Amino acid sequence: DQQVKQNSPSLSVQEGRISILNCDYTNSMFDYFLWYKKYPAEGPTFLISISSIKDKNEDGRFTVFLNKSAKHLSLHIVPSQPGDSAVYFCAARAWGSNYKLTFGKGTLLTVNP
Amino acid sequence: DVKVTQSSRYLVKRTGEKVFLECVQDMDHENMFWYRQDPGLGLRLIYFSYDVKMKEKGDIPEGYSVSREKKERFSLILESASTNQTSMYLCVSTRQYLPNYGYTFGSGTRLTVV
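Protein chains in written order, with the numbering used here: chain H, 1 to 113; chain Y, 114 to 227.
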């Protein structure tokens, strides 16, 4: 039972345009969501997070939107840069879970110059 | 700068060997986790620990065990390595009660079992 779903295995965008990565979840106990970026042969690096009490969080070029009623979140990258090309993972934590993170399968973003 | 250090970046082991993957953090974090990452499967939780000598199974614990004798060190043990355990292994730590500090990942260990 996959509780965090990233339905797009890959996404390709042009440099300067907006990248939108999507994530759906099924567990209503999730109260905290994170996005990570991962380059090959490296550990994931934290990008941005959002608590379930908010619907938007912004940090520079990165904005995460949370729609609790739809159990959906999205990561917007504006403007996209070639260095953003990586695998992006959506992760969620359930309240009372000893801080375990549940990850989606990832989306490979390619930003073309 | 906070750090999670995994002792090896690359390992090659033979089928049937006992394999130890070590992880050390210098942030006095209570919670530590071992994940494996496989293409198309994302990161899956193997085991985690929320205190010294405490451990809990994650989603895919079969074939693995863990040890946490000291707060800063969390070891993953492959009792008898098999080829289906070839993967990237990631250690993660975080602090209790202040989780918004974020989760810190190690750089990963790429294990190949031949």
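A couple of the hints might just be wrong.
What the hints assert, rightly or not - Restraint ranges, calculated between C-beta atoms of paired labels, are given here:
| no. | chain 1 | residue 1 | chain 2 | residue 2 | range |
| --- | --- | --- | --- | --- | --- |
| 1 | H | Y39 | Y | R127 | 41 to 47 Å |
| 2 | Y | G215 | H | P113 | 27 to 33 Å |
| 3 | H | Q3 | Y | F133 | 28 to 34 Å |
| 4 | H | M29 | Y | V227 | 38 to 44 Å |
| 5 | H | G96 | Y | G153 | 28 to 34 Å |
| 6 | Y | K184 | H | D55 | 32 to 38 Å |
| 7 | Y | G215 | H | A70 | 23 to 29 Å |
| 8 | Y | D172 | H | F46 | 19 to 25 Å |
| 9 | Y | K184 | H | P40 | 44 to 50 Å |
| 10 | H | Y39 | Y | G176 | 26 to 32 Å |
| 11 | Y | T128 | H | S28 | 40 to 46 Å |
| 12 | Y | R186 | H | A70 | 37 to 43 Å |
As the list claims (entries may be wrong) - Reference listing, derived: stretches of chain H covered by chain Y, where coverage requires no fewer than 3 residues with Cβ under 8 Å from a Cβ of chain Y:
| no. | stretch |
| --- | --- |
| 13 | 39–52 |
| 14 | 97–110 |
Just so you know, the hints here were simulated from the structure itself, not pulled from any lab data. Every value quoted in this text rests on a predicted model; they were computed, and no experiment measured them. In this text, a Cβ means the ideal position worked out from N, Cα and C, and glycines have one as well.
When the structure is checked against the list of hints, which entries are broken? Sort them ascending. 1 and 9
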